[in-house]
Every structure is written in C-alpha cells, then in structure tokens.
Amino acid sequence: MKFNDIRFIERDTRFGKQQSLIMPGGFWVTKQTCQDAWKQVNQNWHSIDWSLKQCAETLIGSEYWKPQICGKQLAMGRCVKFFITHDMLPRPLEIANRGKKGKRFYRPK
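In the numbering used here, the protein residues as written are -15 to 93.
These are calculated hints, taken from the structure and not from any lab test. Please note: incorrect hints may appear among the correct ones.
[Stated by the list, open to error] Taking CB as the label site, the calculated pair distances span:
{"hint": "1", "residue 1": "M7", "residue 2": "E47", "range": "35 to 41 Å"}
{"hint": "2", "residue 1": "L73", "residue 2": "S46", "range": "15 to 21 Å"}
{"hint": "3", "residue 1": "E78", "residue 2": "R(-5)", "range": "19 to 25 Å"}
{"hint": "4", "residue 1": "W12", "residue 2": "D(-11)", "range": "17 to 23 Å"}
{"hint": "5", "residue 1": "F89", "residue 2": "C54", "range": "17 to 23 Å"}
[Said to hold, decoys possible] Pairs of lysine-lysine, DSS-like flavour, derived with a Cα cap of 27 Å:
{"hint": "6", "residue 1": "K85", "residue 2": "K1"}
{"hint": "7", "residue 1": "K37", "residue 2": "K85"}
{"hint": "8", "residue 1": "K93", "residue 2": "K37"}
{"hint": "9", "residue 1": "K15", "residue 2": "K87"}
{"hint": "10", "residue 1": "K84", "residue 2": "K37"}
{"hint": "11", "residue 1": "K1", "residue 2": "K87"}
{"hint": "12", "residue 1": "K23", "residue 2": "K50"}
{"hint": "13", "residue 1": "K56", "residue 2": "K23"}
{"hint": "14", "residue 1": "K56", "residue 2": "K15"}
{"hint": "15", "residue 1": "K(-14)", "residue 2": "K23"}
{"hint": "16", "residue 1": "K87", "residue 2": "K65"}
{"hint": "17", "residue 1": "K87", "residue 2": "K37"}
{"hint": "18", "residue 1": "K23", "residue 2": "K37"}
{"hint": "19", "residue 1": "K65", "residue 2": "K84"}
{"hint": "20", "residue 1": "K85", "residue 2": "K65"}
Predicted, not measured: the structure shown is a model, and the values here were computed from it. Every residue gets a Cβ at the ideal spot worked out from N, C-alpha and C, and that includes glycine.
Model the full assembly from the supplied sequences, consistent with the hints where possible.
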C-alpha cells in the first residue's frame, strides 16, 4: 500500500469539515496528522539504528515529537502503527512487543 492509497473520509468536526482516517479502536486521525507523520518518518528513515528496537518517537524524530501535545503524539503513534501494519515503509517492520498496552516498539521482520 502507498500513502496515496489511503482512503480518508470527510467528516464534520467542531473545526469544520476535515478529512480523517478511522484507526482501530474507533480513533479518528486527521489527514494532516497522517501527512505530518508520513513526512517525518520518511525524512528520518536513513538515520535510524536498526540494531535497536524503535518506537514511534524515534521513527518520527524526537525533535519533531517532543514539542507536540500529547493528543497529537498519540495520533502520530497510531499513524506509525498503521504504516507498519500496511507495509507502507521502505523496510518491512513488525511489532516487537505484541500484546503489550502502551508504547509499541518495532523491529525489522
């Protein structure tokens, strides 16, 4: 799957009409947040140390991640998981800590 293949749904929000994606668990993530996460992951991809397990923060980049509010961090983490489960990234990854709630870690398949 490619990023352009994602089917966003337009919905009414308190901010007006927004294009969003429904994530597992019924969470809505805006198209803008998905685009931000996609851009950051691809921008940081070449500098990732694959000898270590990675999390959404390291895939997106700490310098972009840390100033974001908690809600946006959660949404970007959901985007990263979506990209990985749909094999959208240049290298196939898998969840390294399946069955755990909270922060997910990823490793190459």
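Any of the earlier hints contradicted here, and which numbers?
Hint check: 1, 3, 6 and 11 fail, others pass.
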